[in-house]
Amino acid sequence: MKLFITYLFGCCFCLKSMAQTNCTLFTDSNCARACRLYNETDKFPQGTRICQQYLDSAIQLCPAYAEAWHELSVPYLKRGDFFNWRKYMDEAVRLRPRDYLGTRGWCRFKFLRDYEGALDDLKRYDTITQFYPGQSGDGIYNLYVIMALCERELGHYTEAFYWFAKGIDSMYNSKGLYWVGYFDYIHRAVTKMQVKDFAGALNDLEKQMTKYDKYAEAWYYKGMILRLTGHEQEAITCFKKAKRLFITDGYHFTDTYCELPDTVYLSDIEEALK
Amino acid sequence: MNELSKNKLTALFFLFLLSCLAACSQSSTDVQKFPEQVGDITFDAAIDDPAFTVCNPKVVFQYYNTGSWYKDHKKEIAQHFTSRYVRPADTLHQTGYLTIRFIINCKGETGWFRMYELDGHYQPFHFNEKIGEQLMALAKQLKGWQPALYKEKIYDSYQYITFRLRNGNIISITP
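First to last, the protein sequences are chains A and B. Quick note: the first sequence uses the numbering used here, first residue 517, plus one each step. Quick note: the second sequence uses the numbering used here, first residue 135, plus one each step.
Chain A with its partners taken away, still in its complex shape (with noise of 0.2 Å):
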């Protein structure tokens, strides 16, 4: 079941990342076309020769068409060709920063680990959208917890929490659990297990069992916790539920395109249970 949502949404995510435009909108007759063009792109698999050749009539007909030159950037990104992603997705960037600058800096955190670089869109976009910088690209994070996971990486503990306390409390408190994320307490509570924080990581541990308590993920970390505290008897059965939950009836990290921050395989919940 796991391997067929996951593909399903492969599927939807990898056959279209653009939304219709509605075309009428566009005073310039040439734009107008582009437009056209752009929908037309619908009836092509993305990445096909096909495809791409529409969407660069689009840009030639209307240079500033910036869904257009998104649009093209997209295949190269999700098969490994960085340069030329990079090309016309600044473009995109560059003609309309408010629409593309989150997208690029969530692209740079989730593709290519460049956390510097992801920070500095990420920051500036922050600003551009007066401090409301929404979801990431896939739905899954708010852009805030992206930031977060970025500082951490560079090993910047304060500034993490600071972005985490933004993309997780803020949202919980203005609109309630169903906005936080279904992985932020885990990754908030990792973060806390790395400045030895084990009260405060088992403390977002426990919000994230009332949020979701099936990821495999969760009861890892919880049982990594009880053992580095000295309580072996509960870690084990933590790593017990784990196991159980990766393996028959329950969840783990997966995505269809990269590895997720803080994934847990197979192998490292049956090495904590030797």
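If you are wondering where the hints come from, they were derived from the structure by calculation, not from laboratory data. Wrong hints could be hidden among the right ones.
Stated by the list, open to error - With a straight-line cut-off of 25 Å between C-alpha atoms, the simulated DSS-like cross-links for lysine-lysine are:
(1) A:730 / B:209
(2) A:756 / B:209
(3) A:790 / B:209
(4) A:757 / B:208
Stated by the list, open to error - Negatives, chain A to chain B, calculated, CB over 10 Å:
(5) 547
(6) 607
(7) 610
(8) 642
(9) 644
(10) 647
(11) 651
(12) 653
(13) 674
(14) 710
(15) 714
(16) 766
(17) 767
Don't be surprised by glycine CBs; every beta carbon is placed ideally from N, CA and C.
Starting from the known structure of chain A, arrange chain B on it as the hints suggest.
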């Protein structure tokens, strides 16, 4: 019609013909601007092992089209590189992204390896050959790949591995 008008007409005709030719040549260039699929690799007799074959060149999946061996075994694959890679001396400015892209065929064999190198600002760069050659050799050594599986049929697929390097050290491996 006087001689001058005739000459003008002839000149206009040739101008028209030239613009048609230019348009045709432009359109032919456009056709070649993009490969059949972004990221396609084609056989190069100068560098590729002739013994490696792609089972169905018309349908080569991308790693993200199906569940992939890489995604389930990322931990071991990353360890394969990090435990064997030796940072060469004098790698102070060896910083950027080195990507190796290749095909896993329907038998789980790998081939048609290509390397793409960028500096930290995503501009073309050439890493110290001791880095590039080492990572390429390690990528070729990786065995145990499984072909892409879709609706109980196996397919060839593309995979890439990107190394983020800072002063010659591997900082991260993606995707």
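Hint-by-hint comparison with the structure:
no. : hint          : verdict
1   : A:730 / B:209 : holds, 22 Å
2   : A:756 / B:209 : holds, 21 Å
3   : A:790 / B:209 : holds, 19 Å
4   : A:757 / B:208 : holds, 23 Å
5   : 547           : holds, 20 Å
6   : 607           : holds, 13 Å
7   : 610           : holds, 15 Å
8   : 642           : holds, 22 Å
9   : 644           : holds, 21 Å
10  : 647           : holds, 28 Å
11  : 651           : holds, 20 Å
12  : 653           : holds, 14 Å
13  : 674           : holds, 22 Å
14  : 710           : holds, 17 Å
15  : 714           : holds, 25 Å
16  : 766           : holds, 16 Å
17  : 767           : holds, 14 Å
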